[in-house]
Amino acid sequence: MVKRNKLEIIKDILKIIQDSHGLIKITPLIRKSNLSSQGFYQYLDGLIYKKLVLKTDGHIKLTQKGTNYLERYSSIVGFIDEFGL
Amino acid sequence: MPPGFQGMIQNFAIGTELIYSFVIIACCLIIYFGTRELYSLTNYRGIKYFRQAFLFFAIAFFFRSFIKFLILLFNSENLFNIMHPVFAIATTLLFMYFSSLAIFYLFYSIAWKKYNKKWIVYALNLLALIISIVAIASNNILIYLILNLITILCAVILIIYAYSKKSKFKKISQLFIIYLLLLVFWTLNIIDLFIPNFLQPIQLLVYFISIGVFFAILYKVLTKIGSK
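Chains B and Y, in that order, give the protein sequences. For the first sequence, numbering that gives the first Met the number 0 assigns the number 0 to the initial residue and increments by one for each residue that follows. For the second sequence, numbering that gives the first Met the number 0 assigns the number 0 to the initial residue and increments by one for each residue that follows.
These aren't lab readings, by the way, just hints derived from the structure by calculation. Hints may be right or wrong, so weigh each one.
Listed below are the simulated BS3-like cross-link pairs for lysine-lysine, each with C-alpha atoms no more than 30 Å apart in a straight line [said to hold, decoys possible]: (1) K117/Y with K50/B; (2) K54/B with K219/Y; (3) K24/B with K219/Y; (4) K10/B with K117/Y; (5) K24/B with K117/Y; (6) K10/B with K54/B.
Computed spacing ranges between beta-carbons, pair by pair [unchecked claim]: (7) F21/Y with N4/B: 35 to 45 Å; (8) I194/Y with L53/B: 33 to 43 Å; (9) Y48/B with F21/Y: 30 to 40 Å; (10) E81/B with F79/Y: 23 to 33 Å; (11) D80/B with I29/Y: 15 to 25 Å; (12) D80/B with K116/Y: 20 to 30 Å.
Quick reminder that beta carbons are idealized off the backbone N, C-alpha and C, glycines included.
Isolated chain B (complex conformation) (with noise of 0.2 Å):
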């Protein structure tokens, strides 16, 4: 299995929450994303930082700029990708 980089686990914790009409509790959350529970307490911070989702009464929230991530995601690697960055 290759090992995932740091957006796409991002991008599938991020699909997994709109897969889930945008709002979803964490313990689902932590299963479907895969990791382990530190890891994943370790990306919901930095994605509540950078402000892609909202931590609200036990659910996790996709926000604009969340949906934004998504939509930018191939852009974004593609981007990465032809500059070697």
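Using the hints, position chain Y against chain B.
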């Protein structure tokens, strides 16, 4: 030479400089602001250094055009004859500092994953400042160019070494050609600024190819950030 004809040549030279600087600065700023969204979404360090490199190119070209404009306007090769020595030193220092920094950041944007230490960024800033101060203190543009080129050569060797075993190397090597072209024309631009007569016969050609290199990078950026 009749004074009217000389005036025409001077106006042509100033006009060419203004258009050239405007095009390069515009290219750099379009790259910087065009990639803002990608950076704000990801906070990815590679994108950060890449963007900053082009911001520094824009700042360096602004100071370059300012120096060149004064030299052409007052018809003097020495900036110290035109303005107060403090301002002359400050302008030259800022040009050299941002110029070196732009190239360093561009190469570090490729290398940062392999050499991921926070102190490297501070070291690059310090190195650019030291090189600029040494060049100004020695009043020798060759020292500035040689020190920069030695640093860049070391960076290139480290990058090639780091990526030589990866499949990404082919992609990186294609990019290297554009970056090395950029480096060559960056060097020629600096020579053109400090030794104005050296490149005079091919000055327009250097300007056209420099613009071509920046356009090539801009085109690559726009096609990538525009594709959803």
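Going back to the hint list, which numbers does this structure go against?
2, 3, 5, 8 and 10
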